[in-house]
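J.: Sequence:
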Amino acid sequence: MKSKNTTIIVVALIFLIVTFAAYFLLNIERTKVSNWSLALIVASELIFFWGLIVASSKDETFRGPFARSGFITVLALYLVANIITMAILGRTLKSLNTLFLAAILINAIAMVLLALVRYFSKRFYAEEVADLATDVMRIGEHALHTLLSNHGKDPTAPVLKKLFEAFKYSEKGVITGHDGELLKAIKVLENTFGEDDEAKDEALSRVESLVEQRNYEVSQKKRGGT
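According to my numbering, the sequence shown is numbered sequentially starting from -9.
Hints listed in this document are in silico derivations from the structure and should not be mistaken for laboratory results.
Be a bit skeptical, because a hint or two may be false.
[Unchecked claim] Restricting the straight-line Cα-Cα distance to at most 20 angstroms, the calculated cross-link-like pairs of lysine-lysine (PhoX-like) are:
id, residue 1, residue 2
1, K143, K190
2, K212, K112
3, K152, K177
4, K177, K158
5, K177, K190
[Stated by the list, open to error] Computed Cβ-Cβ distance ranges for the label pairs, DEER-style:
id, residue 1, residue 2, range
6, R81, I37, 51 to 61 angstroms
7, G170, I94, 43 to 53 angstroms
8, R81, L36, 18 to 28 angstroms
9, S85, G167, 51 to 61 angstroms
10, M101, K151, 51 to 61 angstroms
11, R108, G170, 21 to 31 angstroms
12, L106, F183, 49 to 59 angstroms
13, N205, F183, 20 to 30 angstroms
No residue lacks a Cβ here, since even glycine has one placed at the ideal position from N, Cα and C.
Using the sequences and the hints given, assemble the complete structure.
T.: And the structure:
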């Protein structure tokens, strides 16, 4: 992460040097409008590279590829629009008001686009998480149903049935920290059939315990807890 941020900062410095060099070395008339256009271009470059650093962080705002790529795309368009607009207007306008209005318009559009990216990325991420949680519980449900079908006369059948129903009627749209462990525990349980009863009972107890922990976590999330 630090090396990535260092790279971004180095590239940002190069951008700033090129921008200032272009302004002072090219035959550009020094006016209030051109000076302000330079300031606005520099500001947009700083915002762009700051945004890259933020997007590369572990902030929950950027969960999922759509959020990060959408955020960076909007920032890139914002930077390009600012550079082109300010470069043209800085050499043609005589009034600062028009320059500022153009800058405000570009910033307003960028803010709206960023808000839309945030809204849709959160929505897509929530749907993706819900689908993943549903898949996890369905896999467990199917595995327990298979065990119950193959070992219906086993002494553990009542417990298997109870677990199967717990999976079948559980909240499937919520992912928890126990889902991965739960699938591993069911896999262990599958492998215990044909072994001694002690290993089987231990595996069943483990699955039961994880189901209870998962249900508790789901109830906490529904109440707005962590």
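J.: Against each hint, give a clear statement of whether it holds in the structure.
T.: Do the hints match the structure? See the list:
| no. | hint | result |
| --- | --- | --- |
| 1 | K143 x K190 | holds (15 angstroms) |
| 2 | K212 x K112 | holds (18 angstroms) |
| 3 | K152 x K177 | holds (17 angstroms) |
| 4 | K177 x K158 | holds (17 angstroms) |
| 5 | K177 x K190 | holds (12 angstroms) |
| 6 | R81 x I37: 51 to 61 angstroms | violated (23 angstroms) |
| 7 | G170 x I94: 43 to 53 angstroms | holds (49 angstroms) |
| 8 | R81 x L36: 18 to 28 angstroms | holds (22 angstroms) |
| 9 | S85 x G167: 51 to 61 angstroms | holds (59 angstroms) |
| 10 | M101 x K151: 51 to 61 angstroms | holds (56 angstroms) |
| 11 | R108 x G170: 21 to 31 angstroms | holds (28 angstroms) |
| 12 | L106 x F183: 49 to 59 angstroms | holds (52 angstroms) |
| 13 | N205 x F183: 20 to 30 angstroms | holds (25 angstroms) |
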